[in-house]
Amino acid sequence: MVTYIIRRLFAAVVLLFVISMITFFIFYVFPRLGGQTTESLASQFVGKTQSAQAIQGVIHRFGFDQPIWVQYGRFVKGIFFGYDYDTGTQMAHCYAPCLGYSFKTNTLVSTSIAQWLPVTISLAIGASILWLIFGVSVGVASALKKGSFIDRAGMITALIGVSLPVYFVGPLLALAFVVNWHIFPDPDYVAFTSNPVSWFTHMLLPWIAVAFGLAALYARLTRVGMLDTMNEDFIRTARAKGLPERTVIFKHALRAALTPIVTIFGMDLGFALGGVVLAEQVFNLPGIGREAVDAVNQSDLPVIMGVTIVASAFIVLANLVVDLLYGVVDPRVRVS
Amino acid sequence: MTTLPGDASTLHDDFGEEESPDPVTPAAKTIEGRSLSQIAWSRLKKDRVAMAAGIIIVLLVLIAIFAPLLASLSGNSDPNAQFMDSIDPNTSMPLGSAGGISSTHLLGLEPVIGRDVLTRVLYGSRISLLIATSASLLSLIIGIAMGVIAGYFGGWIDAAISRIMDVFLAFPLLLFALALAAIVSDHAFGMSGDTLHIAMLIFIIGFFGWPYAGRIVRGQTIALRQREFVDAARVLGAKPRRIILKELMPNLIAPVLVYGTLLIPANILFEAALSFLGVGIRPPTPSWGKMLNDAIQYYRVDPAFLIIPGAAIFITVMAFNLFGDGLRDAFDPKAH
Amino acid sequence: MNRHKLLGGVALFASVALAASACSSSKTNSTSSSPTSAVTTLPSGNTSAGTGFNAAVTSIVRPSDKEGGTLTMVDRSDFDSVDTGNTYDAFAWAIMDDWSRPMMTYAQQPGAAGAKVVPDLAQAPGVVSNNGLTWTYKIKPGVKYQDGSVVTSQDVKYAIERSNWGQNILINGPSYFPEFVQDNTHYKGPYADKNPNDGVSGITTPDNQTIVFNLTTPFSDFDYLMALPGSAPVPRAKDTGADYFKTYDSTGQYKIDNYQVGNELDLSPNPAFDPSTDPDKLHVLRASKIVIKLKQDVSTIDDNLFDGAANVDLTGVGVQPATQSKILGNPKYKADADSAYANSTEYFAINTLQKPFDNVDCRKAIEWVVDKATMQTEAGGAQGGGDIASTIDPPTIPGWKAGDQYLTPGNKGDVAQSKKELALCQQAEPDQFNPDGTVKGSFEVMARDNAVKEANMVQTLQTNLKSIGISVTIDLKPFDKYNSAFAGNKQYAQQHRVAVSFMKWGADFPSGYGFMYGILDGASIRDAGGYNLSWDADKAIDDGITKALAETDPTTRGNDYAAVDHQALSDALVVPLVWDKNLVYRPESLTNVIFSQGLGMYLMSALGVQ
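Line order of the protein sequences matches chains A, G and C. For reference, each letter of the first sequence is one residue, going 1 to 336 in the working numbering. For reference, each letter of the second sequence is one residue, going 1 to 336 in the working numbering. For reference, each letter of the third sequence is one residue, going 1 to 610 in the working numbering.
Same shape as in the complex, but just chain A (with noise of 0.2 Å):
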């Protein structure tokens, strides 16, 4: 088991490093092929006066008259180590791990981010657990009464959802239940900390909206599985044994059916992370999404860049998380 852990751990750092190193790339080289000059580069940071000093500041502080490994360097370095930067006055140190520094509004991206993150994990979270109850629930209720009202329903519920779009469907859902029913107030961020039941209410509609579709697509895959898992031998064999049919459902055949689901859980959280970012933009929550988008449109690189290595972070780590809860569940993952 320890190997396995060490070994599933060495490979989601590997991961990571070749994950920045691309992303690295792909902001810093990428746009020079495309002819963009060093000044250029600079240029984007600076404010309205455009100033030569403010532009030859910029690519001083940044590093950007430095060879590309120098520069990644240091980036990798502040990872784990944190560097100094120059405020103008003294030297300031950004602790590791060091994202780097927003000169758009001259704080440290790791500082932003930590801000940002609860309004994005409040969205995901909620989120995933509202997709995986309705999704898990209304699959197993389809698959039970299959060729019943409850399945035609409940699937051709999931196959719409399976086509709807955050950004429709969130505006949708604003419409019906803010602007005409006057149910849900207009969404919005407020910290648990400071009031669990408003921020509940406010994060509700967003759920829905980045949930819907999943949900829709774990309700076909909850149904498949279990109408699979069903026609088993050993589901038979359990019922030949005499055991209540609860028992057979929800001990043996569900557990079967949903090991799989958790696999994919893990991937999709990836793509939920997606869902997020529209959601975040649509009902305009100050998560990494939101602010990401506002990076892009200012071309604030290192926010860019320190919102993907983080997003990234967190995907290889759920896998991880995943590949080990499997490990525990199934002993074969381990060996093989």
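Just so you know, these hints were derived from the structure itself, not from any lab. Glycine included, every Cβ here is placed at the ideal spot set by N, Cα and C. Watch out, some of these pointers could steer you wrong.
[To be verified] In the DSS-like style, the derived pairs of lysine-lysine whose C-alpha atoms are separated by at most 30 Å in a straight line are: (1) C:Lys412 - C:Lys355; (2) C:Lys539 - C:Lys401; (3) C:Lys334 - C:Lys116; (4) C:Lys419 - C:Lys539; (5) A:Lys77 - C:Lys194; (6) G:Lys246 - A:Lys145; (7) C:Lys401 - C:Lys481; (8) C:Lys188 - C:Lys66; (9) A:Lys77 - C:Lys246; (10) C:Lys116 - C:Lys419; (11) C:Lys140 - C:Lys194; (12) G:Lys45 - A:Lys146; (13) C:Lys401 - C:Lys420; (14) C:Lys144 - C:Lys289; (15) C:Lys238 - C:Lys188; (16) C:Lys481 - C:Lys188; (17) A:Lys145 - G:Lys239; (18) A:Lys146 - G:Lys46.
[Claimed, not checked] Ranges of calculated distance between the beta carbons of each label pair, as one might list FRET restraints: (19) C:Gly410 - A:His182: 30 to 38 Å; (20) G:Asp85 - A:Gln71: 39 to 47 Å; (21) A:Pro67 - C:Thr247: 34 to 42 Å.
Starting from the structure of chain A, add chains G and C where the hints point.
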């Protein structure tokens, strides 16, 4: 619904690495005297939902091809023509009810700008379908090539390709595409304007989507490689090239076709998401995602402008999903 | 999503809306807010408070000197910085007096008086020497930072040096002083040259109260420069460069308690503020707390004003179209709204480097053919965009005179007149024309790609130009690189045969210099990143601006600027299209509301709450 291409979990139940559908063996062929595709076609013909979806897809393709003709038939041939007389000068909203729907403007007008919504939706279908299908093709081509190579040769080649796929799968795709699309926003690679943006979108969506196709093809190839007819060919001295092309490929058509059909709607959503986030096609070229982006500003006063392009996306995606489901069932009825 | 549309906009003054959210009153209202006919009501004394539509344009609405409760402001974007030495955002400039005291500031008065600057930290307006080259200011005694230490004239000198010469670190703010102030030492700024004894030789502080500026050329608008936020004092010992915004030392009535970037700024009363140092009542405590919520959603911001969740939209760019109809359609709401000039102009710049538009007659052909009436509709209409412009300066600029050139019936353009000019041009440059009288080749017209209305305006221009035989294609480019890489990039403009570029321009301060120097003066031409998109160095214009800057009499100076404006149109360098106007809403909870002609929005730092 997350808007990422090739949502792997859509396919997991059917084309996962672990379990693969029974490819029709040569023996079965001789008995029935019909090819796999003939059998599938006869099954598909009986699936009314899938056939209806197929007809809608054909119609959509025709609409995209003949968009200029249809637009001029509706009386408003120019997607950029403005009808300011029908815009309320005080509110900037279209005069009349439901977003200015009238006999001259069948789907109403855009708020503020006064362009004909129908004409823009018609033209928008071109961008949507062009980008989605081209990107899907790109993903499939790379995916098949890499998947077959990895699956057939195994060993370190497989390990290397699989790791590369892991790297791609760990990217927060939407964020990444967003940043990438923003970096190359002007003239680059000898292209400019819409040509550049369309090419970029196809590249981004297609290139980052290949690992999903690659995984499926790899799984299939591994399963097929161990089958008797491949062994037989190998024993008879066939070269890998021949085995791949003559023995493996024909058996990969089914899963690839199904996956491709399901990839297109995912890519439509992806393109719309990028346009929604403001990094897709630039105005004034019509695109559904951009229309939704504009609509977000006005949906509380002019919901029609939100609902119409949203419905266009929804219907298209739904049709492809239904058809893809039908196709899958036709190739592999066991799935449901 | 919609929020991003706001990031673009005016060239210098940022964060002015692009979306047709801005709006305006009818023509009659616009004349009432023009400087000549504006009614001025003084805040103090027993003058009656204004009520009704546009009341805050001509008077003070609900004047108050009382401390209210929490004043909640909402804003669509974030500050570029809350450091007075590192900002170029219009709304930031309008609120910074809450935590800083610049040398001069805009008079807290409605109407034309509000475009003038009055002393704040300074005791009096600058005293200028006879040759116009030396400006002397004395600061008020006893003004303190929030920690209780006393403000000196050295702090003012340091603040100006850091924001103008220290741009290697403070990259956002304007940089006017190096252009006018003598500097024999070639000072590199406090961040590159850390020796505290070094500094700009042209700025001296004979004592702790006095600061003297020695200029290289007369600059009569100098008091306006001293009203830029960068003149607010910063103590050298406390300066932490790029990080200073986190620990900004307030001299204003409020201090910064908490600034969470992109989220919220909280202000509370500054205990060290001494009202006796503010005899003109520019910093009156009218709220016990100020909360500024940043990056708010455009679609809900107006609702917040109506349901009481917020007291004012700090962005100052006008309400959304839907709200506009709600306000104008309901007398009750309309009485709580104002509509006035935003101090910006939308125009086309004609590229004088592009043959045959180096010929003035060819340029005049464009002047005549442009259909300004349609452009106005596209900008948002008379109710949504602004008034049709006949000059470059909007009517709020002192000395402004209505334009009398290129006036066409119904402002729809005059094709016949235009063709006449084009024929003259053809005679001068026959090799640039086809035998049928059309201009040879195709040109580009440029606009920013983040505003649909700009795209539409250039489309209309395309149609207009086609009618006289000039063929153009449309080239839309990103807002933030528009001037550095495209329209304002000489190489790009020449390679792509750019004939016309759209621009929306607001002045840093309401004077002819502030408005015209950056876009017309030959000295403002840059190879890249400039705003002079005509690329024309007409000596008459440069001399006109220089003459006005040397003129000490305000009326004559105003006339001089009007003459420059007129000259630019005679040269047919730009085609003014629309003077922008904004419709803004003031909830009844808001007190002491003044629409400032100097800022083009409410005087945010003077607002109070009931």
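Each hint, compared with the structure:
1. For the hint pairing Lys412 (chain C) with Lys355 (chain C), the CA-to-CA distance comes to about 26 Å; that is within 30 Å, so the pair holds.
2. The straight-line distance between the Cα atoms of Lys539 (chain C) and Lys401 (chain C) is roughly 22 Å, inside the 30 Å bound, and the hint therefore holds.
3. With a C-alpha separation of about 28 Å, the suggested pair Lys334 (chain C) and Lys116 (chain C) falls inside the 30 Å cut-off, and the hint holds.
4. For a cut-off of 30 Å, the pair hint linking Lys419 (chain C) to Lys539 (chain C) stands: about 28 Å separates their Cα positions.
5. Our distance criterion of 30 Å between C-alpha atoms is met by Lys77 (chain A) and Lys194 (chain C), whose separation comes to about 28 Å.
6. About 44 Å separates the Cα atoms of Lys246 (chain G) and Lys145 (chain A), which puts this hinted pair outside 30 Å; it is violated.
7. As the CA atoms of Lys401 (chain C) and Lys481 (chain C) are separated by approximately 34 Å, the hinted pair breaks the 30 Å bound.
8. For a cut-off of 30 Å, the pair hint linking Lys188 (chain C) to Lys66 (chain C) is broken: about 46 Å separates their Cα positions.
9. The hinted pair formed by Lys77 (chain A) and Lys246 (chain C) meets the criterion: a straight-line CA distance of about 26 Å does not exceed 30 Å.
10. Under the criterion of a C-alpha separation no larger than 30 Å, the hint pairing Lys116 (chain C) with Lys419 (chain C) is inconsistent with the structure, at around 44 Å.
11. For the hint linking Lys140 (chain C) to Lys194 (chain C), the alpha-carbon distance of about 29 Å falls within 30 Å, and the restraint holds.
12. The suggested pairing of Lys45 (chain G) with Lys146 (chain A) holds, with an alpha-carbon distance near 23 Å, which does not exceed 30 Å.
13. For the given pair, Lys401 (chain C) sits about 27 Å from Lys420 (chain C) by alpha-carbon distance, which is consistent with the 30 Å threshold.
14. In summary, the hint linking Lys144 (chain C) to Lys289 (chain C) is supported, as the alpha carbons are separated by about 20 Å, within the 30 Å threshold.
15. Annotation: proposed proximity of Lys238 (chain C) to Lys188 (chain C) holds, straight-line Cα distance about 20 Å (limit 30 Å).
16. A hinted pair counts as satisfied when its Cα atoms are at most 30 Å apart, and Lys481 (chain C) with Lys188 (chain C) qualifies at roughly 27 Å.
17. For a cut-off of 30 Å, the pair hint linking Lys145 (chain A) to Lys239 (chain G) is broken: about 51 Å separates their Cα positions.
18. This hinted pair checks out: Lys146 (chain A) and Lys46 (chain G) have alpha carbons roughly 21 Å apart, not beyond 30 Å.
19. A C-beta distance of roughly 46 Å is found between Gly410 (chain C) and His182 (chain A), which places it outside the suggested range of 30 to 38 Å.
20. For the hinted restraint 39 to 47 Å between Asp85 (chain G) and Gln71 (chain A), the CB-CB distance of approximately 56 Å leaves it violated.
21. Restraint check, Pro67 (chain A) to Thr247 (chain C): a C-beta distance of roughly 36 Å satisfies the suggested window 34 to 42 Å.
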